[in-house]
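Novice: Going line by line, the protein sequences match chains C, Y and W. FYI, in our numbering the residues of the first sequence are 1 to 474. FYI, in our numbering the residues of the second sequence are 1 to 347. FYI, in our numbering the residues of the third sequence are 1 to 109.
Keep in mind that the hints were calculated from the coordinates and are not lab data. Check before you lean on any hint, since a few could be wrong.
The calculated BS3-like cross-link candidates involving lysine-lysine, where the alpha carbons are at most 30 Å apart (straight line), are [to be verified]: (1) K103/W x K402/C; (2) K50/W x K61/Y; (3) K363/C x K440/C; (4) K159/C x K103/W; (5) K326/Y x K61/Y.
Under 7 Å between C-beta atoms, here's a sample of chain W residues computed to sit facing chain Y [unchecked claim]: (6) V49; (7) Y52; (8) I65; (9) F67; (10) L68; (11) R76; (12) G104; (13) L106; (14) W108.
Every residue gets a Cβ at the ideal spot worked out from N, C-alpha and C, and that includes glycine.
Below, each chain spelled out in residue letters.
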Amino acid sequence: MNTYLTDILQSGALMITTITGIVLLLVEANRRGRPATSFALAIVGLLAAGMTALIQMPAHGTGFSGMVQTGGFASFFAALFAVAGAMTIALSRSYLARIGWFRGEYAILTVFAVVGMMLIAASNDLIILFLGVELMSVCLYVLAGLARVRDRSNEAALKYFLLGAFATGFLLYGIALIYGAVGSTNFEAISAAFPAISAHIMFLAGAGLVVVGLSFKVSAVPFHMWAPDVYEGAPTTVSALMSTAAKAAAFSGFLVLFVRTFHFVGAGLNTVLAVIAAASMILGNVVAIAQTNIKRMLAYSSIAHAGYMLAGVAAANAIGLMGVAFYLVAYAFMNIGAFAVVSMVEDDHEQHLTLDDYAGLSKQRPLVAALMAVFMFALAGVPPFAGFFGKYYVFLAAVEGKMTWLAIVGVLTSLISAYYYLRIVVLMYFRDGAADVAAKPSVLTMVTVVLAALLVLQLGITPSVVVQAAQRFF
Amino acid sequence: MDHIDILITLAKIVAAFAFLILGAAMTVLLERRVSAFIQNRIGPNRVGPGGLIQPFADVAKLVMKEDIVPRSANRFIHDMAPMISIGVALSTFAIVPFGNGIDIFGRHVKLMIADVNIGMLYLLALTSVGVYGITLAGWSSNNKYSLLGGLRSSAQLISYELSMGLSLIGVLMIAGTLRLDEIVLRQTQYIGGILPKWNIFLQPLGFITFVIASFAETNRLPFDLPEAEPELVGGYHTEYSGMKFGLFFLAEYANMITSSAIITTLFLGGWDVPYIEGLGLAPLTLALVQVGGFLVKVALVVLFYIIVRWTIPRFRYDQLMNLGWKVMLPLAIANALGTGLVLLLIA
Amino acid sequence: MMLAAAAAFAVIMAKINEIVGPRRETDEKVTTYESGMEPVRTARERFSVKYYMVAVLFILFDIEIVFLYPWAVSFRQLGLHGFVVMFVFMFVLLVGFVYVWRKGALEWD
Numbered sequence: 001m002n003t004y005l006t007d008i009l010q011s012g013a014l015m016i017t018t019i020t021g022i023v024l025l026l027v028e029a030n031r032r033g034r035p036a037t038s039f040a041l042a043i044v045g046l047l048a049a050g051m052t053a054l055i056q057m058p059a060h061g062t063g064f065s066g067m068v069q070t071g072g073f074a075s076f077f078a079a080l081f082a083v084a085g086a087m088t089i090a091l092s093r094s095y096l097a098r099i100g101w102f103r104g105e106y107a108i109l110t111v112f113a114v115v116g117m118m119l120i121a122a123s124n125d126l127i128i129l130f131l132g133v134e135l136m137s138v139c140l141y142v143l144a145g146l147a148r149v150r151d152r153s154n155e156a157a158l159k160y161f162l163l164g165a166f167a168t169g170f171l172l173y174g175i176a177l178i179y180g181a182v183g184s185t186n187f188e189a190i191s192a193a194f195p196a197i198s199a200h201i202m203f204l205a206g207a208g209l210v211v212v213g214l215s216f217k218v219s220a221v222p223f224h225m226w227a228p229d230v231y232e233g234a235p236t237t238v239s240a241l242m243s244t245a246a247k248a249a250a251f252s253g254f255l256v257l258f259v260r261t262f263h264f265v266g267a268g269l270n271t272v273l274a275v276i277a278a279a280s281m282i283l284g285n286v287v288a289i290a291q292t293n294i295k296r297m298l299a300y301s302s303i304a305h306a307g308y309m310l311a312g313v314a315a316a317n318a319i320g321l322m323g324v325a326f327y328l329v330a331y332a333f334m335n336i337g338a339f340a341v342v343s344m345v346e347d348d349h350e351q352h353l354t355l356d357d358y359a360g361l362s363k364q365r366p367l368v369a370a371l372m373a374v375f376m377f378a379l380a381g382v383p384p385f386a387g388f389f390g391k392y393y394v395f396l397a398a399v400e401g402k403m404t405w406l407a408i409v410g411v412l413t414s415l416i417s418a419y420y421y422l423r424i425v426v427l428m429y430f431r432d433g434a435a436d437v438a439a440k441p442s443v444l445t446m447v448t449v450v451l452a453a454l455l456v457l458q459l460g461i462t463p464s465v466v467v468q469a470a471q472r473f474f
Numbered sequence: 001m002d003h004i005d006i007l008i009t010l011a012k013i014v015a016a017f018a019f020l021i022l023g024a025a026m027t028v029l030l031e032r033r034v035s036a037f038i039q040n041r042i043g044p045n046r047v048g049p050g051g052l053i054q055p056f057a058d059v060a061k062l063v064m065k066e067d068i069v070p071r072s073a074n075r076f077i078h079d080m081a082p083m084i085s086i087g088v089a090l091s092t093f094a095i096v097p098f099g100n101g102i103d104i105f106g107r108h109v110k111l112m113i114a115d116v117n118i119g120m121l122y123l124l125a126l127t128s129v130g131v132y133g134i135t136l137a138g139w140s141s142n143n144k145y146s147l148l149g150g151l152r153s154s155a156q157l158i159s160y161e162l163s164m165g166l167s168l169i170g171v172l173m174i175a176g177t178l179r180l181d182e183i184v185l186r187q188t189q190y191i192g193g194i195l196p197k198w199n200i201f202l203q204p205l206g207f208i209t210f211v212i213a214s215f216a217e218t219n220r221l222p223f224d225l226p227e228a229e230p231e232l233v234g235g236y237h238t239e240y241s242g243m244k245f246g247l248f249f250l251a252e253y254a255n256m257i258t259s260s261a262i263i264t265t266l267f268l269g270g271w272d273v274p275y276i277e278g279l280g281l282a283p284l285t286l287a288l289v290q291v292g293g294f295l296v297k298v299a300l301v302v303l304f305y306i307i308v309r310w311t312i313p314r315f316r317y318d319q320l321m322n323l324g325w326k327v328m329l330p331l332a333i334a335n336a337l338g339t340g341l342v343l344l345l346i347a
Numbered sequence: 001m002m003l004a005a006a007a008a009f010a011v012i013m014a015k016i017n018e019i020v021g022p023r024r025e026t027d028e029k030v031t032t033y034e035s036g037m038e039p040v041r042t043a044r045e046r047f048s049v050k051y052y053m054v055a056v057l058f059i060l061f062d063i064e065i066v067f068l069y070p071w072a073v074s075f076r077q078l079g080l081h082g083f084v085v086m087f088v089f090m091f092v093l094l095v096g097f098v099y100v101w102r103k104g105a106l107e108w109d
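All chains, full assembly: derive it from the sequences and hints.
Specialist: Structure representation (structure tokens):
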């Protein structure tokens, strides 16, 4: 009994989020409960979980009979997921009300998706990792199809579900093979089996399949096909959650598994990851140029960013890991911000989503345009903003990891990406257009977006705060 | 396992088969006679003494009939469905202990066909498979009545399977085993020296939910919506004729007997005949008396089935589902948790 | 063995019927039965989503039961600790059940 109590206290963020989800279910079951209540409760619960995670970060250990990790790495990511979740819920409040899908279930599903993400980051066992991936994915499938009378939303949900289920199959089979090779699903036991196991064919096959499964979740080439359609079809704020927190969760899975457990071993695996990274960077950035729909453009850009981060994982050294952790935090805020602006410009019937609709935005909504410019510069990796340091660390890691070619690909594709990010800035400031932005954004939305922009700026100026926190885990 | 063991098993299978099939035939006759009695008419009494041969004449008739498969049906599945139904109905009986072990030819023989150590799970698994027979029959016929009957029935069966499974949790907690023969052995003592320690007395709520769920699982009135003649013609077996229809019919009655046997085993003390130890019978006689006791109990439960059929009208579909999900399921869960609490308090 | 015997019995009975029974197919006979009417379209159409709901809920609760069985069998060994842990599990599940109930997924009208 007592051991469980300490376990529960130690993984406080996870528990608080779970309890929030259960309370939300009960609130929603009560017919008098209004969605606004659920949304407020979810935000409060997630922020509380985030605070708890930050407080518990210094203490590091394992709990629940070695099934989960507590503190440290898990807390770092738990805080990120909680904040990202709270931000998307805050952003969705007025957006969903506008498009007519303001439902309490949105908050519930988001909270449970965050629980799943936290489980991935906290996993100390393959089973928990799988459980987290599933919990997160199932919630996201439903969220993608939230606006269920919209054709595109339906398409997104179905496509995501079918492909996601397929990818889950790969992940599970990989887990089974690893278990077969090692004889345990516990990370410490797997870790202890090295280096004897590193050339075992069954282990390598299993690890390869896990790479496939997780690559799907981070939408890396060649497992990226779903991303543009799903990001386009899902409600915009859901796309924000999928492209940031969910991606970060899958990356935390990569870090936990390939770095902590597999000890950087298997040069073959690293090469595979590097190739995937390079392909993602090239394909994502080149195809993004051709997009006219802003959500699709952001989807391809998100594929490209997955490539940058994978470069850090493939480099397999301390700088790379710290860089990926930092990149994930920075990317979460810039992309949530970008999608938030998209949700503000979008009208109630899936219109105003093309790039041309951004022409002349600076005249109509100067503040919104300025914020969008910040996010675009940050995504492009222009120095004062957070995106720059993310890329800097990741490419530095690639060079140190004797993968200079990967860094060169990264820098070149970053240059390509500048074209389409800055095109939006140009459209907003130097073109005249009949852009009539829909309703005036609500205060809550504006506050959240401004907060995201400030964080992006802050992280760009003083990256050391996050970097130092991240350095301690590896 | 040597030859004699195989022979013994074969003998047991033959005995169980004979019991089930003859029993089903007798149940059909019994049902017809009882219903005739309740409706104040005579019922079949011409074929053989008191109509005893009637069911066999029926089977002979069915076998001689043409086996019609509709043109638009899926032939393979249409053939498969009744086989699944009857196969499940017959094989469930394998785990029912119909008597205590006897010593014969110098070896100990357990009076059950398959001594499965996860008997209860086997039971649940097979009832799940039984759903396939009816659902596939409904779907493969490509007939609207059949499809509706099949759908209704699969929804009903799976709904009540939950309460059935949950109501057994209490029994399991008390017995601490999944083996049916041990569950019976636990029931052979007495509470306070007088009342037999049957689970019906320890688990009254569990017993009631289990019996209701069993009625639903066997598609008996008041839960016979899958075949509801006035609205659905014949339900899932509308398009069946000949012996394939006969197999469904047989399966229904075999299921009835099997579930009576299960109820007897789990709640009514199985082969336990109370107060018999005092008589000082020879072991073999004792075993035979116990088998007899088991048979009598099963017969009584079957009779109960039949009487209920002519007492209670059919449910409406929404009432059926409401009962299953909103009454039975919470009751069964409450029973499981309540049993746990009581056991904890005693310990 | 009982399984094999039961399967054999089923197949034999069905086959006997095919052998012994007459076979005189006519066009009318092999048409789908629809109370004497000409069949209108096929039966393979969409049916109420309610059935899917029931199936999904069944899966959830059935898995719960499978969890409960081993727990129930070893209940006496697990003692209070086991009871509390399972109570928490059941509670979470019941919250979902209450939600489903209140949302009207169990209504048939």
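Novice: Determine for every hint whether it applies to the structure shown.
Specialist: Here is what the structure says about each hint:
| no. | hint | in the structure |
| --- | --- | --- |
| 1 | K103/W x K402/C | violated (57 Å) |
| 2 | K50/W x K61/Y | violated (40 Å) |
| 3 | K363/C x K440/C | holds (14 Å) |
| 4 | K159/C x K103/W | holds (27 Å) |
| 5 | K326/Y x K61/Y | violated (44 Å) |
| 6 | V49 | violated (12 Å) |
| 7 | Y52 | violated (10 Å) |
| 8 | I65 | holds (4 Å) |
| 9 | F67 | violated (11 Å) |
| 10 | L68 | holds (5 Å) |
| 11 | R76 | holds (6 Å) |
| 12 | G104 | violated (12 Å) |
| 13 | L106 | holds (5 Å) |
| 14 | W108 | holds (4 Å) |
The structure does not agree with the numbered hints 1, 2, 5, 6, 7, 9 and 12 stated previously, though it agrees with the rest.
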